[in-house]
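The task is simple: from the sequences and hints, build the whole structure.
Sequence order for the protein chains is S and R.
With this note's numbering applied, the first sequence covers 1 to 410.
With this note's numbering applied, the second sequence covers 1001 to 1410.
If you are wondering where the hints come from, they were derived from the structure by calculation, not from laboratory data.
One-sided and incomplete, this derived list gives chain S residues near chain R with beta-carbon spacing under 7 Å:
hint, residue
1, 57
2, 91
3, 125
4, 311
5, 313
6, 319
7, 320
8, 333
9, 341
10, 358
11, 359
With a straight-line Cα cutoff of 30 Å, these simulated BS3-like cross-link-like pairs (lysine-lysine) come out:
hint, chain 1, residue 1, chain 2, residue 2
12, R, 1032, R, 1093
13, S, 93, S, 112
14, S, 373, R, 1032
15, R, 1112, R, 1093
16, R, 1373, S, 32
17, R, 1032, R, 1112
Simulated restraints on C-beta separations:
hint, chain 1, residue 1, chain 2, residue 2, range
18, S, 69, R, 1005, 51 to 57 Å
19, S, 35, R, 1034, 53 to 59 Å
20, S, 378, R, 1005, 35 to 41 Å
21, R, 1247, S, 299, 54 to 60 Å
22, R, 1387, S, 74, 38 to 44 Å
23, R, 1074, S, 217, 50 to 56 Å
No residue lacks a Cβ here, since even glycine has one placed at the ideal position from N, Cα and C.
Number of protein chains: 2
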Amino acid sequence: MALPVSPLAPASYPELPEVRGVRFATAEAGIKYRNRTDVLLTAMDEGTTVAGVLTTSKCPSAAVDWCRQHLAAGTARGLLVNSGNANAFTGSKGVASVALSAQFAADALGVKPEEIQLASTGVIGEPLDANKFAEVTGEMAGRLAPGPWLDAARAIMTTDTFPKVATATVAFDGEDVVISGIAKGSGMIAPDMATMLSFVFTDAPIAAPVLQALLTPAIGKSFNAVTVDSDTSTSDTCLVFATGKANVAPIESVDDPRAATFAAALGDVLHELALLIVRDGEGATKLVTVEVEGAESDHSAFRIAQSIANSPLVKTAIAGEDANWGRVVMAVGKAGEPADRDRLRISFGDIQVATAGERDPSYDEQAVSSYMKNDEITISVGIGLGNGSATVYTCDLTHGYISINGDYRS
Amino acid sequence: MALPVSPLAPASYPELPEVRGVRFATAEAGIKYRNRTDVLLTAMDEGTTVAGVLTTSKCPSAAVDWCRQHLAAGTARGLLVNSGNANAFTGSKGVASVALSAQFAADALGVKPEEIQLASTGVIGEPLDANKFAEVTGEMAGRLAPGPWLDAARAIMTTDTFPKVATATVAFDGEDVVISGIAKGSGMIAPDMATMLSFVFTDAPIAAPVLQALLTPAIGKSFNAVTVDSDTSTSDTCLVFATGKANVAPIESVDDPRAATFAAALGDVLHELALLIVRDGEGATKLVTVEVEGAESDHSAFRIAQSIANSPLVKTAIAGEDANWGRVVMAVGKAGEPADRDRLRISFGDIQVATAGERDPSYDEQAVSSYMKNDEITISVGIGLGNGSATVYTCDLTHGYISINGDYRS
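Here it is as structure tokens:
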């Protein structure tokens, strides 16, 4: 029943170094899948700070509610994640289930339940039996190890066709600080959501408010800048844990010059994970970068880029290797943002196809058709009104998406 | 190259009575299609008033710009519509083309160019050669007739698989007043846009400001309440012409009690045309009604209903005959409108599947699966916060949509 691996999967995975202060184990709890791991238990040493960004959905999962409540403390000692069941729209059963899940993880790790962060991904509306965790967490706690990270990434997959990892290393005071992350995206079989989960771990010593201040803007350029199908999950979760075990002085202010260096490296890791999610978008055969510049503001540029990246007519055209820039015009026009038809400029790759409100005089169908055969397509749009710019990443819309999501749920 | 007729096409078409003061003809101008009509020329008697609603796109077609400019006068004597080319994003060529098109139609009908309304639908970005009209308008003017309406509806089709007509008759002062309309929706071959055009004709005598005042709210419950794929066209146009040839006293105020009667009949015609467009949505196999009640306002209910109706995950589930209410929860959650997960109620048809934030205790998968096999599906959602309600109509998202829109443009 496994899907074929996405044609956009990376050719190889990076070696992920150990993150001091982080150990984990995976197990088969049999929540939904058979013959694969579906639980990840991660232990973080004392002193670990945490920051997070959670779904804006008005119908969040029980696990998201739990995280939101316990992120405020800024510290964490454990992370329990399962695939196969999202524990979303499960009412009071969901509330009881997350409390019990945190208790089992806390008991196994010898910490308090409120020090446990939780995430669940899979079917919506099915109660999640927390007792499944009781059967495995104690045993998992006995074999925690600092790797291999690909195992952690595999345990949280749903209809993902490949595991998603990224890493960066920065030197502070002659000491290497590691930032490693895992993520999961969209998938199949009993597909219910394109649910995004990402967990990043670093041994840098960073105060929780600083970590949060660095994380939030980075999300805007990474996970919030990708779209597979415009459907926002009930369970989207990105958590960053900082163990502080690297032998460097603590970063306690965003004004510490190292904060900017760390933020850049964290941004790179998040950006790479976000692109891996698009590369594994359901049914994807092309990675599409939508660049908008010249809008009235960055926010306006972002909304226009989203309108293009979410347009089913643009996405099906790309699947058909059709440089259908008329549909790009349509998507700019419907975005609801300031735009002047007669100033628009549109390029596919380096080939300008439209300028000043009409087809480019040098338009060469042959050249642009040939460009559209690439695996990676860049659409760039100049609005001609100001200095606002934004980039959004998406994939094409193919028969694969319909097949994956039109199959019967049970 | 013709698409198979939509399985949701009506079994038969109503007889459309003559609308006094309206005559028309269709012709093959060879704009893009071969062996079919692609031009409609309509003549309206002196004294005809006009009202219209046009696309909100920031990149409207040249014809839309023309209509917007000339609707202000409130009168019209002719309508020229072509299929095969949208005359959108054609720059100064487009401006020249609409002026010339209006001139040819005006010359043929013996009226002024500013008394001609224009609409074009088809490929975006291709210059439209107005001389094509010069070759046919004179000849068409010689054979104007009050019917048959199906011919008019056929001439404006692009990838529509059936012509769309609707009619209503109301009696004022013992005299029948006719309201007849045609529309076109989405289509194929070199598909560029799901472009919506609709033209309604009545012999009622109605002052232009009254006609506009009655039309605008009716659009909200008809054309603006349907969505095939969330992509707003550069060319959406709905025009209503009132010839005043019915032998009744003029309606010169919205406070005239007959205005409400007329508005209701006009609303019925527009609603029926809008539903015909959904029934011919690209690749559609099911007509879906999304009813939302209990929202904080009607506007909020409408935005939630749109979020559900535009969700590709909801639409693919319906194509797969899967009562995947978890995806409905997701779509409510992402709408950005006030909602409380723990008050949500969701039904498919008469079957309540979720209540108070979780699966209905009496949930019966068998019953709901059987319901999902119907051609027409109603999803109703109770938000539980207020009295706002709205209904939006859509179709499912199938392999047909991908095939129609992923084919190469040229």
